[in-house]
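K.L.:
Listed below, chain by chain, are the residues.
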Amino acid sequence: MRRTVAAILHVGTAAGVGLCAAATLLYAVGSPQAVKVALLGVLALFGTPPLRLAAVARGFMAEREPRLALAALAVLSVLVAIAARAAYGYLL
Amino acid sequence: MTPLLLAAFGFCAGLFGALMGVGGGLLVIPALTHLAGLRFSQAVAVSLTAIIVSSSASSASYVEKGLTDIRTGVVLELATVAGAVAASLLSSLIPQPVLLGLFALVAYYTAFASWRRRGRAGEGLSAGEYPVRRWGAGLAMSFAAGATSGLVGVGGGFLKVPAMSLVMGLPFKVATATSNFMIGVTAAASAYVYAARGELDLAATAPTVVGVYAGARLGARLLPHIPSARLQGAFAAVLAVVGTRIAFDAWSLLR
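Chains as they are written, first to last, in our numbering: chain X, 171 to 262; chain C, 1248 to 1502.
Extracted from the complex, chain C is given alone in its bound form (with noise of 0.2 angstroms):
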């Protein structure tokens, strides 16, 4: 029964991470944890082994609809790579609830600018349509996104779909699809380490990871026929959820 519930829940994963350019950790490590009672540490390998199976299933077919932006992409995950290695290095220097808290208050800022904005990304654009503008500050929450995922283990697509739609003006479904590109490297890099410390279950991993293949592969054949101003929607209140989240472990970290 419980791989059956695994493989469920990796399906509404792989299928929420494929619209929204997020990795899916919201809904498996939860299920890991309760379900298949694993430790957090060992739900957060798993769920980084799904990241990169729902970034890789999903950009085979956005990479061949000419969704994805390769060019932007390759610069972001630049500097998302030297945030995580940064991170790395200095997070036993900056207090972590200091950082988390901060991560917190930039969700919640872009789930409201995202809320407000929602609609006006560019409807039906392919990569290279547009002009990409702000490098400087797209780098700058990639390099945040990186950091995140260095520190708390997820892929850093709640950053990097704004830095991309909000801020460079990348049409939202290009933005998504480019993320989707970008976070399975960020995943890979921290699930090397996770597997190497003997932390990924393979008896959950092999379930979830089938269920959030098949989720992944609807989710990018449906994209393209969702409006963008429902999928912004949905994301706003996704970011809402995942900065509570955050808040949540600084408070825990401060009490």
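Only chain X is shown next, with the shape it has when bound in the complex (with noise of 0.2 angstroms):
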């Protein structure tokens, strides 16, 4: 499980903060492309922490150990039904 976990945080962390050292450069440039770019980066990083969450609970899942897969999986339900919340009420 460690290694999945430790792989997920190093692509997550490494994807978004490429694209946003990416999109500081367009910045300085003052290209448009900047904000879409910026904008993929953040989203990159908001990902990584549910991802690794999912890792946490397979791997728990994995290990025969039910009841900490079930916390991690509580955690992570309430992470998504905020993102959920959040993404509805930037809709509306």
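Don't read these hints as lab results, they were simulated from the structure. Hints should not be assumed to be uniformly reliable.
[Said to hold, decoys possible] Partner residues are not named here, just some residues of chain X that face chain C (Cβ under 8 angstroms, in silico):
id	residue
1	G182
2	L210
3	L215
4	F216
5	P219
6	A241
7	V245
Even for Gly, the Cβ is constructed at its ideal location relative to N, Cα and C.
Using the hints, build the complex out of the two chains.
P.N.:
The following block contains the structure:
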């Protein structure tokens, strides 16, 4: 489980920060694409915590620790509910 | 010039956060309001995104090295999320200055306790090599950390680290690594709400998170080589500053 969780955290942050670094350069040269690239970077960063929670839940299930898996799933559900409610409010 | 300065402040916040298990909003928020001219709520939104980066970047290393106690973290995360939800539901019922005053007292007390007990934490122990005790008190403090996060938009690491190290008996470095693992989730919950409200300034976020990432990666490399007693002393000083800031917020609301 540790390797999977670490890989998700590495890939999620590297992708998000890489896009934000590119966006910083695009902002510096005044490119209109900067906003889109920065937005993609932020979305990658926002997606990392729920993905790592899902990996933790899956890992505990595989290790036959259903209570810990359930705890991770409960936190994931709350996070997804908050994100959905925020997105719904944004779309309204 | 401003993006470079934001990246520099982000670097300091990331380094500091990775070593102490806190988000580093104390450094990022003033930089964003003074240098980038953002409103306080916009600065909080960028700071919360920075906490996600600091937490994820440092945790990736700590999880690999076996410093993060994932089992304890998952259980405490549940209490933290419950605290954040409860705070959002009850914040209108309890006077905010009273809550903030209580949090300031807790921060001062834990600063004092951390200073007194520095050096007693198990040096060199990895996750799982110690008995975890007083779950009830640890869960209660994590609940309070979540409530603070929901009320003042911080990661809550300043309560999670002492809950684990002083109350539950985790070695200090394991506590900071586990707090870093947890604060990303707490910050994400608040960050989604701020972003959906349109408070996230992308032009300020991009350079800040680049700096935070570099700082957090460096901090994660340095942590295993710094004596726990020094880290705990520095953490006590940070808590005293956090306590003062929260007390000031409470006083400002009373006036």
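K.L.:
Does each hint fit the structure? Answer for all of them.
P.N.:
Verification of the supplied hints:
1. Among the interface hints, the one on G182 of chain X holds; its C-beta lies about 6 angstroms from the nearest C-beta in chain C, closer than the 8 angstroms criterion.
2. Hint status for L210 of chain X relative to chain C: violated, with the closest Cβ pair at about 10 angstroms, above 8 angstroms.
3. Taking 8 angstroms as the C-beta cut-off, the interface hint given for L215 of chain X holds, the closest approach to chain C being about 5 angstroms.
4. With a least beta-carbon distance of about 6 angstroms to chain C, the hint placing F216 of chain X at the interface is held under the 8 angstroms criterion.
5. Here the hint on P219 of chain X is kept, as its CB sits about 4 angstroms from the closest CB of chain C, short of 8 angstroms.
6. A least Cβ separation of about 5 angstroms between A241 of chain X and chain C falls short of the 8 angstroms threshold, and the interface hint therefore holds.
7. Below 8 angstroms, beta-carbon pairs count as interface contacts, and V245 of chain X has one with chain C at about 5 angstroms; its hint therefore holds.
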